[in-house]
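Undergrad: Could you slot chain E onto chain F? The hints should help.
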Amino acid sequence: MSVDTATVKKIASLARIAMRDDEAEAMVPELNNILGWIEQLGEVDTSAVEPMTAVIPNHLRLREDVVTDGNCRDKVLANAPQAEHGFFAVPKVIE
Amino acid sequence: METTSSYRIQGATGEWEVVIGLEVHAQVTSNAKLFSGAATAFGAEPNSQVSLIDAAMPGMLPVPNKECIRQAVRTGMAIDAQINKWSRFDRKNYFYADLPQGYQISQLYHPLVGEGAIEVTLDEKDPDSAVKRIGIERIHVEQDAGKLMHDQHPTRSYVDLNRSGVALMEIVSRPDMRSPAEAGAYVKKLRSILRYVGSCDGNMEEGSMRADVNVSVRKPGEEFGTRTETKNVNSVRFVMAVIEHEANRQVDVLESGGKIVQETRLYDPDRNETRSMRSKEDAHDYRYFPDPDLLPLELDDAFLEECRASLPELPDAKRKRYEGDLGLTSYAAAVLTAEAETARWFEALLAECGDQAMAKAASNWLISDLFGALNRLGLDIEHSPVSPKQGAELLKLVADGTLSGTLAKQVFEIMLETRQDPGVIVEEKGLKQTSDTGAIEEVIAKVLADNGDKVEQYKGGKEALFGFFVGQTMKAMGGKANPKVVNDLLKKALG
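Protein chains in written order, with the working numbering: chain F, -2 to 92; chain E, 60 to 554.
The list that follows gives simulated cross-link-like pairs (lysine-lysine, PhoX-like), each with its CA atoms no further than 20 angstroms apart:
id	chain 1	residue 1	chain 2	residue 2
1	E	Lys455	E	Lys491
2	F	Lys7	E	Lys151
3	E	Lys379	E	Lys248
4	E	Lys543	E	Lys468
5	F	Lys72	E	Lys206
6	F	Lys89	E	Lys206
Quick caveat, the hints were computed from the structure, so don't treat them as lab data.
Pulled out of the complex, with its shape left as it was, chain F reads as follows (with noise of 0.2 angstroms):
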């Protein structure tokens, strides 16, 4: 697998990360690096193998239905660059 400009493009827009043309160029090396290292892995058969999902034996805890948290409007809109009644206030977003 690798990747050319056009979709380390394409990956920067969906993860929203600004990218300028010669930026881009130089990822598609750095990037191709990586796939191809990543890639040595396939050479293992772990057909039998099942996928780890924690390093240690470990199971998914779940809580009770109880609320317990919420209720702290100005902690959750402190860092906001902008609110206003309680709303965060973004640039207008309109189909």
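TA: This is chain E only, laid out in the frame that chain F set:
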């Protein structure tokens, strides 16, 4: 009885068949959110039910709410689906102002609930109506997004994250529906099952249930066509309107030599049309991957058994029991079981009657008298001014001959107004029906004496006049005479 729909769109080049699949998003009934301890109640002050997890502050970790998982499992069991004891959460990545994390935690690769199905009846009033089995591909659990408001400020949109992180079940059907009516019946049935199970309140106006409608058209017997997806449709009527509109639009495009583009569309109820949401073009590249913050969800047998044991009797089973054990018509059984609240009310009424033999009378009274009154008053059955206990008392007064059908209706009207018990009303207003033969005979003698000419005609063979004598007697007794006794005594007096 399995049938294929005969619904067709008449185009210039012949008939077209419509193929429909629905993704229904149902908000899980729970106190707290899917991954945080913030409350879920509808209509709270903006951003007051938001934890630092829901606002996606760095370093916050999600912990799943057991109740949300339990409700999704119970829903899966209610549609006879396979429950996956091992499932996993994935991140669905996209940017939007109502999604602070930049991704939605969902389940793409290993959903909690697998293949199931529900049966829908197209016409409840028709006992022979076709029953169709609609396949359900999966149910997965995911987070809801926040709410955007665009009309509060000229250049800003306002974001309320109260809904952000509330648990949703996404219920994905197979493309098994072939007409707007089938899709409407499917949504109604699904809503009914969710409300019986108690996993979702089914309130479409408040957005607790909304559907993404997938539509394509094809010439009958050919391969599936390219589909479009209309997002966030929030009523049964709109689901049907979207299908009709979108199918006709696609036929027009195809017949004028165009091609259907697989795209996301938006429904505008004011204009009854769908239009393309071009801004979401990139949105299909979600780059899903397993959420590294969450371990796989593993359920044990004890948990599943508890889920199954806690399921109520479901609408199909209840309906069969009402027909079989209680001897109700299939129409009455369908009406009484369609909504969990109606069935609960009916069963309370029957329990108060204390006699299963009164099931038919109870069903008739509930469906015609009580529903009629509630309709008129604009109330649903949960807010009925008359209680099941009072309803049963009224029915018993009819059964033991204290009230005639006509008197019972009068008493019921007074009950609706005063909320008094029927027994009290009967006593106070003296509405009791009389079987006092002496009093009735007296009135009959007077009626016959006053209408000597008609008595002659009757005796001369004009038997239809019997009804006239009954009417006159009842009128003279203010409607309070037992009709059967009046009949018997009149026959004797005229015979």
